[in-house]
Amino acid sequence: MSPVLDIAQAGVRFGTGPAAVKDVSLRVAQGEIFGLVGESGSGKSTIANAVMGLLPATARLDGSIRLNGEELVGLSESALRVRRGDEMAMIFQDASASLDPTWSVGDQIAETIRAHRPVSRAEARARAIALMGEVGIADAARRYRDVPHRFSGGMRQRIVIAAALANHPKLLIADEPTTALDVTIQAQILELIDRLRRDHGTTVLLITHDLGVVGQVCDRVGVMYRGELLEVATTEDLFTRPAHPYTRALLAANPAGAVRGSRLPVIPQEWSTESLDAANAARDRRAAHG
Amino acid sequence: MAELLQVTGLCKSYPAAGPWFRRRRAVAVDDVSLSVARGRTLGLVGESGSGKSTLGRCILGLTRPERGSVLFDGTEVQDLSGKARSEFRRRVQPVFQDPWGSLDPRWPVGRSVREALDCFGIGTPRDRAARVRDLFDRVGLDPALAHRRPDTLSGGQRQRVAIAAALASEPDLIIADEPVSALDMSVQAQILNLFMDLQSDLGVAAIFITHDLGVVEHVSDAVAVMYRGRLVETGDTDQVMGAPRHDYTRTLLAAIPRPRHLA
Numbered sequence: 001m002s003p004v005l006d007i008a009q010a011g012v013r014f015g016t017g018p019a020a021v022k023d024v025s026l027r028v029a030q031g032e033i034f035g036l037v038g039e040s041g042s043g044k045s046t047i048a049n050a051v052m053g054l055l056p057a058t059a060r061l062d063g064s065i066r067l068n069g070e071e072l073v074g075l076s077e078s079a080l081r082v083r084r085g086d087e088m089a090m091i092f093q094d095a096s097a098s099l100d101p102t103w104s105v106g107d108q109i110a111e112t113i114r115a116h117r118p119v120s121r122a123e124a125r126a127r128a129i130a131l132m133g134e135v136g137i138a139d140a141a142r143r144y145r146d147v148p149h150r151f152s153g154g155m156r157q158r159i160v161i162a163a164a165l166a167n168h169p170k171l172l173i174a175d176e177p178t179t180a181l182d183v184t185i186q187a188q189i190l191e192l193i194d195r196l197r198r199d200h201g202t203t204v205l206l207i208t209h210d211l212g213v214v215g216q217v218c219d220r221v222g223v224m225y226r227g228e229l230l231e232v233a234t235t236e237d238l239f240t241r242p243a244h245p246y247t248r249a250l251l252a253a254n255p256a257g258a259v260r261g262s263r264l265p266v267i268p269q270e271w272s273t274e275s276l277d278a279a280n281a282a283r284d285r286r287a288a289h290g
Numbered sequence: 001m002a003e004l005l006q007v008t009g010l011c012k013s014y015p016a017a018g019p020w021f022r023r024r025r026a027v028a029v030d031d032v033s034l035s036v037a038r039g040r041t042l043g044l045v046g047e048s049g050s051g052k053s054t055l056g057r058c059i060l061g062l063t064r065p066e067r068g069s070v071l072f073d074g075t076e077v078q079d080l081s082g083k084a085r086s087e088f089r090r091r092v093q094p095v096f097q098d099p100w101g102s103l104d105p106r107w108p109v110g111r112s113v114r115e116a117l118d119c120f121g122i123g124t125p126r127d128r129a130a131r132v133r134d135l136f137d138r139v140g141l142d143p144a145l146a147h148r149r150p151d152t153l154s155g156g157q158r159q160r161v162a163i164a165a166a167l168a169s170e171p172d173l174i175i176a177d178e179p180v181s182a183l184d185m186s187v188q189a190q191i192l193n194l195f196m197d198l199q200s201d202l203g204v205a206a207i208f209i210t211h212d213l214g215v216v217e218h219v220s221d222a223v224a225v226m227y228r229g230r231l232v233e234t235g236d237t238d239q240v241m242g243a244p245r246h247d248y249t250r251t252l253l254a255a256i257p258r259p260r261h262l263a
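Protein chains in written order, with UniProt numbering: chain A, 1 to 290; chain B, 1 to 263.
If you're looking for bench data, these hints aren't it; they were derived computationally from the structure. We treat Cβ as the ideally placed atom computed from N, Cα and C, and that holds for glycine. Treat the hints with care, since some could be wrong.
Claimed, not checked - Far from chain B, by Cβ distances over 12 angstroms, these chain A residues were calculated: (1) Asp100; (2) Ile113; (3) Arg117; (4) Asp182.
Said to hold, decoys possible - Below, a sample of chain A positions facing chain B; criterion: calculated Cβ distance under 10 angstroms: (5) Val73; (6) Ala97; (7) Val119; (8) Thr178; (9) Gln188; (10) Leu192; (11) Thr235; (12) Leu238; (13) Phe239; (14) Thr240; (15) Ala249; (16) Ala256; (17) Ala258; (18) Ser262.
So that you can see chain A by itself, here it is in the shape it has in the complex (with noise of 0.2 angstroms):
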């Protein structure tokens, strides 16, 4: 079956700087949760940001990304702008960024179906209920007109899925959407997330830093470092059987999983952010100064 995200050998560049994603090609299933991983600067949302055409003028990108077969590169803005909240949708770390404070919640999914179908706005708002419903806000009806300041971080988090899933889009792109939240919280729309896909047959991209949100989700798993895709792995065999040193570095650093007390191995230089980190601030220090 030919998969409904497909990237091949696509490389993003700000500017004159360097690349931020090198040579990345992979592709993820009908009804697979496929998890990016990696650590600050691995270029794990640029790739998100990537297939979803938000990419600033400053960068350049290459290669080619298919939806369900058809080029996104390329793409004019207004072509990908009918894409976006159709075909494909995004959701992110911080949902009360994507949710105007002033307009009530229920309306903001409505207008998510209006602007893409052609259905009355009594067709919207009952599909709007029935989608609050779906993410488990409870009394959906009653809770249309509230504004998002009058529910909490993960009850938001839900109406932005709500709002993303509100046209049956083919790919959902989940960058961090739990790291906000609490641990019980997030469990909640991990399952949340898991339920949709098997409801629906949503195509899910999860980027995440959190080894522990992959292993609970995702069927298979993308180690990112420095802008390059170092290995693909179903989740089991990348926690029983890492194949990239960096891999088995990052997973051997978590403190969950540890000895108590015990030093935790820590990832060697060469694959530490930090050096990274330190070599960027500098960049940016010369550049500041001229």
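Given chain A, put chain B in place with the hints provided.
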């Protein structure tokens, strides 16, 4: 032996939103008692809004509790003034999640560490420069970085500087509020190792405030679990993590994302 820190019946509430005629108070810390022995590490765990940071601030003397007592080395912290208060500040040092908040962005980081020495009159002015170098060594930083400003360091390096500044006053207790939450896994492991070294080499006691049970389990001798302002469970780390007694602790442990295949 008396405990280094003994908190008893601590309460703190804040005014909640609402019209003035029926304004309630939101209880942040509700009748919390706990203790920390010399050289031991207590992990204080809870989700957002559980009151763990407010409790930390009450212990540091940054927030005044409404009821209850905080005894540090046998003396009530709230009654301290003058010299005794300054001595308390020297002996109990905070480390926060965001080192940006504790480092002056215009100063070379070495000066931020040096200031702690000056402030508490540690050593002679003459040998303080050498002490700053030792502190940088201690936290695993190249002393040459002392001349850099915070914005040219990485997140992990900045957190090391903040720890060096906290250690400068030779404290007996460090209260670390989410010290590794903003760091990448690879850097987090290094900072956790550093905390464990400090504990074994210097015998500094610590309260490690965090939402991350993996971190708590790794570094703490004892764990205290907070939920909605109350301390719902305390005990040795092995007991709390291995055989939790309270429902909420069990919920929290069950919610940790784990690979399905290894469960």
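A quick look at each hint next to the structure:
1. Consistency note on A:Asp100: stated as away from chain B, and its beta-carbon is indeed over 12 angstroms from all of that chain's, at 22 angstroms minimum.
2. Taking the minimum C-beta to C-beta distance to chain B, about 32 angstroms, the non-interface status of A:Ile113 holds against the 12 angstroms cut.
3. No beta-carbon of chain B is positioned within 12 angstroms of the beta-carbon of A:Arg117; the least distance is around 35 angstroms.
4. The beta carbon of A:Asp182 sits about 4 angstroms from the closest Cβ of chain B, which is not more than 12 angstroms, so the claim that it is off the interface is violated.
5. Among the interface hints, the one on A:Val73 is violated; its C-beta lies about 30 angstroms from the nearest C-beta in chain B, farther than the 10 angstroms criterion.
6. Look at A:Ala97: its Cβ only gets to about 18 angstroms from chain B, farther than 10 angstroms, so that hint breaks.
7. Because the closest C-beta pair between A:Val119 and chain B is about 38 angstroms apart, greater than 10 angstroms, the hint is violated.
8. Restraint check, A:Thr178 versus chain B: the minimum CB separation of about 8 angstroms is within 10 angstroms; hint holds.
9. Because the beta carbon of A:Gln188 sits about 9 angstroms from the nearest beta carbon in chain B, less than 10 angstroms, this interface hint is met.
10. For A:Leu192, the interface hint is violated, the least distance from its beta-carbon to any beta-carbon of chain B being 14 angstroms, above 10 angstroms.
11. Taking 10 angstroms as the C-beta contact cut-off toward chain B, the hint placing A:Thr235 at the interface holds, the least distance being around 7 angstroms.
12. The interface hint given for A:Leu238 holds, since its Cβ lies 8 angstroms from the closest Cβ of chain B, which is under the 10 angstroms cut-off.
13. Look at A:Phe239: its Cβ gets to within about 5 angstroms of chain B, closer than 10 angstroms, so that hint holds up.
14. With 10 angstroms as the threshold, the beta carbon of A:Thr240 comes within range of chain B, its nearest partner Cβ sitting at about 7 angstroms, so the hint holds.
15. Interface hint status for A:Ala249: upheld, as the beta-carbon distance to the closest one in chain B is roughly 7 angstroms, under 10 angstroms.
16. The interface hint given for A:Ala256 holds, since its Cβ lies 3 angstroms from the closest Cβ of chain B, which is under the 10 angstroms cut-off.
17. Hint status for A:Ala258: holds, given a least beta-carbon distance of 6 angstroms to chain B, under 10 angstroms.
18. Nearest Cβ of chain B to the Cβ of A:Ser262: about 8 angstroms, under the 10 angstroms cut. The hint holds.
In summary, the structure is inconsistent with hints 4, 5, 6, 7 and 10 from the numbered list given earlier, while agreeing with the others.
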